[in-house]
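Colleague: The lines below spell out each chain.
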Amino acid sequence: GESVGLHLPTLSVQEGDNSIINCAYSNSASDYFIWYKQESGKGPQFIIDIRSNMDKRQGQRVTVLLNKTVKHLSLQIAATQPGDSAVYFCAELYNTDKLIFGTGTRLQVFP
Amino acid sequence: GAVVSQHPSWVICKSGTSVKIECRSLDFQATTMFWYRQFPKQSLMLMATSNEGSKATYEQGVEKDKFLINHASLTLSTLTVTSAHPEDSSFYICSARVVQGASSSNEQFFGPGTRLTVL
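Residue numbers (the numbering used here), protein chains in the order written: chain A, 1 to 111; chain B, 1001 to 1119.
Errors might be hidden in some of the hints.
Estimated spans, in silico, between C-beta atoms of each pair [stated by the list, open to error]:
| no. | chain 1 | residue 1 | chain 2 | residue 2 | range |
| --- | --- | --- | --- | --- | --- |
| 1 | A | Ala-79 | B | Ser-1018 | 46 to 54 Å |
| 2 | B | Leu-1026 | A | Glu-39 | 29 to 37 Å |
| 3 | B | Ser-1018 | A | Gln-60 | 29 to 37 Å |
| 4 | B | Leu-1119 | A | Gln-45 | 26 to 34 Å |
| 5 | B | Pro-1040 | A | Ser-26 | 21 to 29 Å |
Each computed DSS-like pair below joins lysine-lysine, with the alpha-carbon atoms no more than 30 Å apart [unchecked claim]:
| no. | chain 1 | residue 1 | chain 2 | residue 2 |
| --- | --- | --- | --- | --- |
| 6 | B | Lys-1014 | B | Lys-1041 |
| 7 | B | Lys-1014 | B | Lys-1066 |
| 8 | A | Lys-98 | A | Lys-71 |
| 9 | B | Lys-1020 | A | Lys-68 |
| 10 | B | Lys-1055 | A | Lys-42 |
| 11 | B | Lys-1041 | A | Lys-42 |
| 12 | B | Lys-1055 | A | Lys-71 |
| 13 | B | Lys-1041 | A | Lys-71 |
| 14 | B | Lys-1041 | B | Lys-1066 |
| 15 | A | Lys-98 | B | Lys-1041 |
| 16 | A | Lys-98 | B | Lys-1055 |
| 17 | B | Lys-1014 | A | Lys-68 |
| 18 | A | Lys-98 | B | Lys-1020 |
| 19 | B | Lys-1066 | A | Lys-42 |
| 20 | B | Lys-1066 | A | Lys-98 |
| 21 | B | Lys-1041 | A | Lys-68 |
| 22 | A | Lys-42 | B | Lys-1020 |
No lab work stands behind these hints, which were simulated from the structure alone. Just so you know, even glycine gets a beta-carbon here, dropped at the ideal spot from N, CA and C.
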């Protein structure tokens, strides 16, 4: 079936550095993608989304890039802070109804 | 706005008993709610889609007779794990989709999750 996957299971960055989390998706028909942050023992928290008619979208300290040619999605976090430590999931809206989550990347921020 | 709550936040039960988990949209109406299951260090897996006033739609491999879903109102969906066994121990998360006028937004708001431990 269709799937959304991530390249790196764990990413360690120093506080203040920029972080880049990657995601590959397989359903070329998907037109909506979301990044979620999940802290331990909590539900996913929406970070940023992007539609397929865009290739870049910026939020506060976060940027999502979409490359439809290679079916690749990335989340960039500027000036990473200890509070950014969490697991990050990309999700793909499948068939305009279901969210299909990627495998997740754990971001560890050290001082 | 767009807050989703779950109750209980955690529950421990004996094998063979049933457990009910509630998912509520606190400040909005949701025609559709989703139930996910997440095992440790794994991703969220969609279990079923719950539509208000109709039967839930279950994903492949999810037993509908074991995971009973009821969506009786626009603000409440319940998931009952019947005859729970240790392998059902997991983190159960619901989400709700906002109703906007005549059509639904695609955005889902997630609850805080319920940790189920079956002894």
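Colleague: Indicate, hint by hint, whether the structure satisfies it.
Modeller: Each hint tested on the structure:
no. : hint                              : in the structure
1   : A:Ala-79 x B:Ser-1018: 46 to 54 Å : 48 Å, holds
2   : B:Leu-1026 x A:Glu-39: 29 to 37 Å : 20 Å, violated
3   : B:Ser-1018 x A:Gln-60: 29 to 37 Å : 44 Å, violated
4   : B:Leu-1119 x A:Gln-45: 26 to 34 Å : 31 Å, holds
5   : B:Pro-1040 x A:Ser-26: 21 to 29 Å : 25 Å, holds
6   : B:Lys-1014 x B:Lys-1041           : 24 Å, holds
7   : B:Lys-1014 x B:Lys-1066           : 16 Å, holds
8   : A:Lys-98 x A:Lys-71               : 19 Å, holds
9   : B:Lys-1020 x A:Lys-68             : 42 Å, violated
10  : B:Lys-1055 x A:Lys-42             : 28 Å, holds
11  : B:Lys-1041 x A:Lys-42             : 13 Å, holds
12  : B:Lys-1055 x A:Lys-71             : 35 Å, violated
13  : B:Lys-1041 x A:Lys-71             : 25 Å, holds
14  : B:Lys-1041 x B:Lys-1066           : 24 Å, holds
15  : A:Lys-98 x B:Lys-1041             : 22 Å, holds
16  : A:Lys-98 x B:Lys-1055             : 17 Å, holds
17  : B:Lys-1014 x A:Lys-68             : 48 Å, violated
18  : A:Lys-98 x B:Lys-1020             : 24 Å, holds
19  : B:Lys-1066 x A:Lys-42             : 25 Å, holds
20  : B:Lys-1066 x A:Lys-98             : 22 Å, holds
21  : B:Lys-1041 x A:Lys-68             : 28 Å, holds
22  : A:Lys-42 x B:Lys-1020             : 19 Å, holds
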